[in-house]
Amino acid sequence: MTVNPVPQLSIGPRAKALALSCLALGVIAFGASGTARANIDNFSFGSIEGVGTLKGKLSTRLGTASNSTEHRINIDDCELYAGGEIEVSVKIDPRPTGYQYAAAYAPPGKTCPVTDANPKATDGECYVPLSQRELTGTTIKFTVKLDQLIGNACDSNVEGSAKLYIIIQNTSLSRVQSQQISIDVDLRAPAAPVLDEVVPGDARFTAKWSDDENDSTTTEYVVYYGDAPFGEDDLEDIDSKSGITTTSYAVESGLSNDATYYVSVAARDESDNESALSNQLEVAPAETTDFWEAYVAGGGKDPGGFCFIATAAYGTPMEVELGTLRAFRDQVLMQSDAGRWMVSEYYEKGRFLAAYIADKPVLRALVRVMLVPLVWLAQVVLVAGPLATFGLGLLALYAYRRLRRRALSHPMLVQELR
Amino acid sequence: MARIPKALIALAPALVLVTGSARAESPRTMMLELHGGSYSPAVDAALDGATPWKDTFGAKSMTMLRMHLDYELWQEVGTLAIGAGFGYGWIDGKARDSAGEATSDSVGFNILPLQLSLVYRFDWAAQKYSVPLVPYAKVGLTGAFWWATDGKDSISNTQVSGDAREGRGLTLGWHVAGGLMFLLDIFSSSMAAGFDNESGVNNSYIFAEFQHSQVDDFGSSKSLDLSDNALSFGLAFEF
Chain V
1 MTVNPVPQLS IGPRAKALAL SCLALGVIAF GASGTARANI DNFSFGSIEG
51 VGTLKGKLST RLGTASNSTE HRINIDDCEL YAGGEIEVSV KIDPRPTGYQ
101 YAAAYAPPGK TCPVTDANPK ATDGECYVPL SQRELTGTTI KFTVKLDQLI
151 GNACDSNVEG SAKLYIIIQN TSLSRVQSQQ ISIDVDLRAP AAPVLDEVVP
201 GDARFTAKWS DDENDSTTTE YVVYYGDAPF GEDDLEDIDS KSGITTTSYA
251 VESGLSNDAT YYVSVAARDE SDNESALSNQ LEVAPAETTD FWEAYVAGGG
301 KDPGGFCFIA TAAYGTPMEV ELGTLRAFRD QVLMQSDAGR WMVSEYYEKG
351 RFLAAYIADK PVLRALVRVM LVPLVWLAQV VLVAGPLATF GLGLLALYAY
401 RRLRRRALSH PMLVQELR
Chain E
1 MARIPKALIA LAPALVLVTG SARAESPRTM MLELHGGSYS PAVDAALDGA
51 TPWKDTFGAK SMTMLRMHLD YELWQEVGTL AIGAGFGYGW IDGKARDSAG
101 EATSDSVGFN ILPLQLSLVY RFDWAAQKYS VPLVPYAKVG LTGAFWWATD
151 GKDSISNTQV SGDAREGRGL TLGWHVAGGL MFLLDIFSSS MAAGFDNESG
201 VNNSYIFAEF QHSQVDDFGS SKSLDLSDNA LSFGLAFEF
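Chains V and E, in that order, give the protein sequences.
Quick note: the first sequence uses my numbering, first residue 1, plus one each step.
Quick note: the second sequence uses my numbering, first residue 1, plus one each step.
Simulated from the structure, these hints should not be mistaken for laboratory data.
Think of the CB as a built atom: it goes at the ideal place given N, C-alpha and C, for glycine as much as any other residue.
Careful: at least some of the hints might be erroneous.
[As the list claims (entries may be wrong)] Looking from chain V toward chain E, a few residues come up when the C-beta cut is under 10 angstroms (computed):
{"id": "1", "residue": "Phe45"}
{"id": "2", "residue": "Lys120"}
{"id": "3", "residue": "Ser253"}
{"id": "4", "residue": "Asp302"}
{"id": "5", "residue": "Pro303"}
{"id": "6", "residue": "Leu333"}
{"id": "7", "residue": "Met334"}
{"id": "8", "residue": "Arg406"}
[Said to hold, decoys possible] Some chain V residues flagged as far from chain E (calculated, every beta-carbon gap over 10 angstroms):
{"id": "9", "residue": "Lys57"}
{"id": "10", "residue": "Asp330"}
{"id": "11", "residue": "Trp341"}
[To be verified] Derived lysine to aspartate or glutamate pairs resembling EDC-like cross-links, with alpha carbons at most 16 angstroms apart:
{"id": "12", "chain 1": "E", "residue 1": "Lys54", "chain 2": "E", "residue 2": "Glu101"}
{"id": "13", "chain 1": "E", "residue 1": "Lys94", "chain 2": "V", "residue 2": "Glu287"}
{"id": "14", "chain 1": "E", "residue 1": "Lys128", "chain 2": "E", "residue 2": "Glu76"}
{"id": "15", "chain 1": "V", "residue 1": "Lys301", "chain 2": "E", "residue 2": "Asp163"}
{"id": "16", "chain 1": "E", "residue 1": "Lys152", "chain 2": "V", "residue 2": "Glu252"}
{"id": "17", "chain 1": "V", "residue 1": "Lys145", "chain 2": "V", "residue 2": "Asp123"}
{"id": "18", "chain 1": "V", "residue 1": "Lys55", "chain 2": "V", "residue 2": "Glu87"}
{"id": "19", "chain 1": "V", "residue 1": "Lys163", "chain 2": "V", "residue 2": "Glu87"}
{"id": "20", "chain 1": "V", "residue 1": "Lys301", "chain 2": "E", "residue 2": "Asp48"}
{"id": "21", "chain 1": "E", "residue 1": "Lys94", "chain 2": "E", "residue 2": "Asp153"}
{"id": "22", "chain 1": "E", "residue 1": "Lys152", "chain 2": "V", "residue 2": "Glu287"}
{"id": "23", "chain 1": "V", "residue 1": "Lys208", "chain 2": "V", "residue 2": "Glu197"}
{"id": "24", "chain 1": "E", "residue 1": "Lys54", "chain 2": "E", "residue 2": "Asp92"}
{"id": "25", "chain 1": "V", "residue 1": "Lys91", "chain 2": "V", "residue 2": "Glu134"}
{"id": "26", "chain 1": "E", "residue 1": "Lys94", "chain 2": "E", "residue 2": "Asp55"}
{"id": "27", "chain 1": "V", "residue 1": "Lys163", "chain 2": "V", "residue 2": "Asp147"}
{"id": "28", "chain 1": "V", "residue 1": "Lys301", "chain 2": "E", "residue 2": "Asp44"}
{"id": "29", "chain 1": "V", "residue 1": "Lys163", "chain 2": "V", "residue 2": "Glu70"}
{"id": "30", "chain 1": "E", "residue 1": "Lys60", "chain 2": "E", "residue 2": "Asp92"}
{"id": "31", "chain 1": "V", "residue 1": "Lys301", "chain 2": "E", "residue 2": "Glu166"}
{"id": "32", "chain 1": "V", "residue 1": "Lys110", "chain 2": "V", "residue 2": "Asp123"}
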C-alpha cells in the first residue's frame, strides 16, 4: 500500500530507485527490530528441578535437563505433581546491561501479556512469581506451582500447552524482549483398543486388535498377558510387551505349551498416557510340528547344517564324496600309467598332509571345501567317461583361445592397450 | 528421381541388406535370463512312507525366481556359452498339531540354488534367416542352500537322541535343461535396433524352459532330496 504513491512523485528514474531502496531497507529494518523484540538475545533453557517433596522425582518427560527441547506433563505426572512446585532456571548469557525482567506462567489455553516487565497476574490465567527485577546475573530462577501451571483436574481430558514466560525490558522502557517455554499438558488418555483374537502357536501366541479411535501415527500399544485373569491394578505384576506400533503382535518367548494365558491390550499416546485395558481373551499355546521336524520324525536322514564343513569338523566321513573319489581313483586313474603314478605320488606325499591336518578341524574343513569341485569333476568323469571329459576340456581350451583372440582384436581393447 | 541411375535402383535391395546387417548388431557377448516358475522338491519321494512336505505345504509348489548369466564362448553354428545363475524359491505352509491338523503357525521352506551351466543355443537360423525360434540346452552343476523355518520364522531345530538337527544346509547335484526361446525382435526390428544402439541389447527373447535338477548330493540317501522337474518362463536379453 505504500508502493502506490511512488508513480505520482515527479522524480527521475535514479531518484525513484533510491526511494525504492530506502523503502526496502526500511522494511528490512522494521522486520529486524520486530524479531529482536520477540525473542531474547542469547537466551537458553537451563533446567527444571523439583522443589520439596518433588525433589528428584520429576519425570524425564518434563524435560528437566539443560538440553531439553520438549516438556510434557501427562496424567500420571499430574497426579504425582499435585500440590508440588518446580524451580525453572534459564540463562541469558552474555547478560545485557541496564535491563529488568519478569517471569510468568499460564495454564493451557491462557496467556500472559509480554508488553513489559511488569505483567499483570490474573488468577486462573496468568501467574507472576517475579516482576520488575533487575537483571544482575546470567541465570534467572523462579518457582512454578504445578497445580496452577496444569490448571485442570487430572481427569479433565484437557490437552493443551502451558507456557512459561521470561520478559526483559531495558530501563528506558524502549525495548522489550520475551521468550516462551511451552509445556504440553496432556490429560487425555487414549481410547482402549478392541482385542479381536489371540491365535495360539507353538510356545507362542499372536494377539490381534483393532483401534478406530486413536491416531495411528502417534499411538503405541502394550500387550499384557498372564496365567490368570487380571485387571488394571495388577499390571505391574504381569508380563507385557510395549512399544508396539502395529495392531498385531506375536509373543514368542517365555511361554509354555498347554498353559492358558489371559491377554489384554492397551493403547499408549505420545505423552505416555495409557488407555484402559481392552477386553480380555484367553489362549493356550500348544506344540506344533513344522516341515523340518516332520522330515526328521519321518525318517529323513539329512543331518542339517552345512554338512561337509560340519562333517569335517566333527570327524565323521563324507561317505558319498569319498566314494566318488575312490571310484575315480579305481576306475579312471588306475587305468593308465600316468594315473597310477599320480596315485602313487598321492599316497606317498598326501599322507603327510592328511596327518598334518588330522587334528586341525578348521584346516580340515577348508580342505573339504576345496575338494568339492574335485568331487564334482570326478563325478562328471565317472558319468560321462574320460574321453567325453577330455573333449569338454578341449572345447573349453578352444573357447578360451577364441575368447582371448576376440578380446585382443576388439578395437576398443586394442586402443586401450596402446 | 529421374536422374538416379537405373543400375543404382537395381542395387538398392542389396545395399539395404548390406547396410542393414552392418548396423543392426553390436557384438553379442552375453545372455541374461530372468526366470519365473515353480519348484516341487522330491523330499517325500525319498522317504519311506512319510510325507512331511505334503503334510506341511499341501499340493502347492514353491515359487522360484532365477537369474542366469552366461558368456558366449563360441558363435558359429549356434552359440556355446558358459554361465552361472542363482535363484530363490520359497513356500509357506502351516505347522501341524498333534492330531495332524493345520495350526495357525506359519512355517516355510526356502531354497537358494546356485548353478554353473554349459549352454548351447541353436540361434544360427535366427541370426542368419531371422527365424524367431531358438532351441537350447543346458547342463551343469547345482549347489542348493536351503533352510526351513518354524512358527517364529526362525531356522527350525529339532533333536533326535539328544543330537541337534538344524533345518538348513547345502545339497549338491546337477541339472540338465532344455528350452525354446522366441525372438521378440521380429515384432519391431526398428525398436530392436534402437535397443541395441542405446543399451547394447542385440536380441530380446521370451522363453520356456524345462529343467531336471538332481539335487541329492549325487544320490546320497542321507541328504534332503531337492530334485525336481520344473518348468519356468521368462525374458532373456542377449547383449
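Results for each hint:
no.	hint	in the structure
1	Phe45	violated, 46 angstroms
2	Lys120	violated, 64 angstroms
3	Ser253	holds, 9 angstroms
4	Asp302	holds, 4 angstroms
5	Pro303	holds, 6 angstroms
6	Leu333	violated, 19 angstroms
7	Met334	violated, 21 angstroms
8	Arg406	holds, 8 angstroms
9	Lys57	holds, 41 angstroms
10	Asp330	holds, 17 angstroms
11	Trp341	holds, 28 angstroms
12	E:Lys54 x E:Glu101	holds, 13 angstroms
13	E:Lys94 x V:Glu287	holds, 13 angstroms
14	E:Lys128 x E:Glu76	holds, 11 angstroms
15	V:Lys301 x E:Asp163	holds, 12 angstroms
16	E:Lys152 x V:Glu252	holds, 7 angstroms
17	V:Lys145 x V:Asp123	holds, 13 angstroms
18	V:Lys55 x V:Glu87	holds, 10 angstroms
19	V:Lys163 x V:Glu87	holds, 14 angstroms
20	V:Lys301 x E:Asp48	holds, 11 angstroms
21	E:Lys94 x E:Asp153	holds, 12 angstroms
22	E:Lys152 x V:Glu287	holds, 13 angstroms
23	V:Lys208 x V:Glu197	holds, 5 angstroms
24	E:Lys54 x E:Asp92	holds, 12 angstroms
25	V:Lys91 x V:Glu134	holds, 14 angstroms
26	E:Lys94 x E:Asp55	holds, 9 angstroms
27	V:Lys163 x V:Asp147	holds, 13 angstroms
28	V:Lys301 x E:Asp44	holds, 12 angstroms
29	V:Lys163 x V:Glu70	holds, 12 angstroms
30	E:Lys60 x E:Asp92	holds, 9 angstroms
31	V:Lys301 x E:Glu166	holds, 12 angstroms
32	V:Lys110 x V:Asp123	holds, 11 angstroms
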